[in-house]
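Enquirer: Sequence:
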Amino acid sequence: MTFLRYTALGDSFTEGVGDIDETLPNGVRGWADRVAGALHVVDPRVRYANLAIRGRKLVPIVEEQVDAAIALEPDLVTIHAGGNDLLRPSVDIDAIAAVYDDAVRRLVATGATVVVFTPHDPGAAPVFRALRGRFAILAEAMRAIADRRGAVLVDYWRIRDYDDVRLWSFDRLHMSPAGHQRMAIAVLDALGVEHDLQPLPLQPLPELSSVDRHREDLGWVTGFLGPWLGRRLRGVSSGDAVEPRFPTWSVPPA
1213 MTFLRYTALG DSFTEGVGDI DETLPNGVRG WADRVAGALH VVDPRVRYAN LAIRGRKLVP
1273 IVEEQVDAAI ALEPDLVTIH AGGNDLLRPS VDIDAIAAVY DDAVRRLVAT GATVVVFTPH
1333 DPGAAPVFRA LRGRFAILAE AMRAIADRRG AVLVDYWRIR DYDDVRLWSF DRLHMSPAGH
1393 QRMAIAVLDA LGVEHDLQPL PLQPLPELSS VDRHREDLGW VTGFLGPWLG RRLRGVSSGD
1453 AVEPRFPTWS VPPA
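The numbering used here numbers the first residue of the sequence shown as 1213 and each following residue consecutively.
Worth double-checking, as some hints may not be accurate.
What the hints assert, rightly or not - What follows is a list of derived Cβ distance ranges for each label pair: (1) 1282 - 1373: 29 to 37 Å; (2) 1317 - 1419: 27 to 35 Å; (3) 1372 - 1434: 29 to 37 Å; (4) 1214 - 1417: 37 to 45 Å.
For the record, the hints were derived by calculation from the structure and aren't laboratory data.
We treat Cβ as the ideally placed atom computed from N, Cα and C, and that holds for glycine.
Build the full structure now, drawing on both the sequences and the hints.
Expert: Here it is, written out as structure tokens:
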């Protein structure tokens, strides 16, 4: 398939957090940039917009990004949301699914091809494993939404490559460059777009002693978990001062 106007919506997953590139807006690249780049190889007329902002919950994503996306008249839209809702102390997953469903309905009604995602399976992540039931319920809701609305589904839950810690960044919450590359491949494959993207090479995992593992866990607590919890307590989001990376049509980054 050929697409010429691709708009990406969502939170940090789509903004590209974890895939550091200081030469690009917000200092990140991400899987959506990689998808846009692959589309541009197929057809140099391709233009790309990315409205995603880190830290956003579902309702703000819908309120801030869906109408803006529709106004751009894209022929391809990806939307990923809900992860930040699932991490809150309490969440109404049925309400999230209803909002999500209506947003996808509106996007599909424009005639664009719409790509949606299940959340990933956090079963291999000790810190987030306790939330696995929430993620599973939303995953099944997203499969139902894709079926009902005729959207393209990327079933993140079933991509078992993400059980490998090397596909995750230091914060254990966002994908690493290798994880973003793997997601770009999954999206392009789901769309049936020919591409030459290959998984990034992975370094061998070091053998850690229990002391080293404890030191690594402590570094994660002080370097990420503590500041993250502090922002939650203060009602501050990591995206409060962040602007969309590509709010209007742009040539995809090389």
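Enquirer: Name the hints, by number, that the structure is in violation of.
Expert: Going through the list in order, the structure violates hint 2 alone and respects the others.
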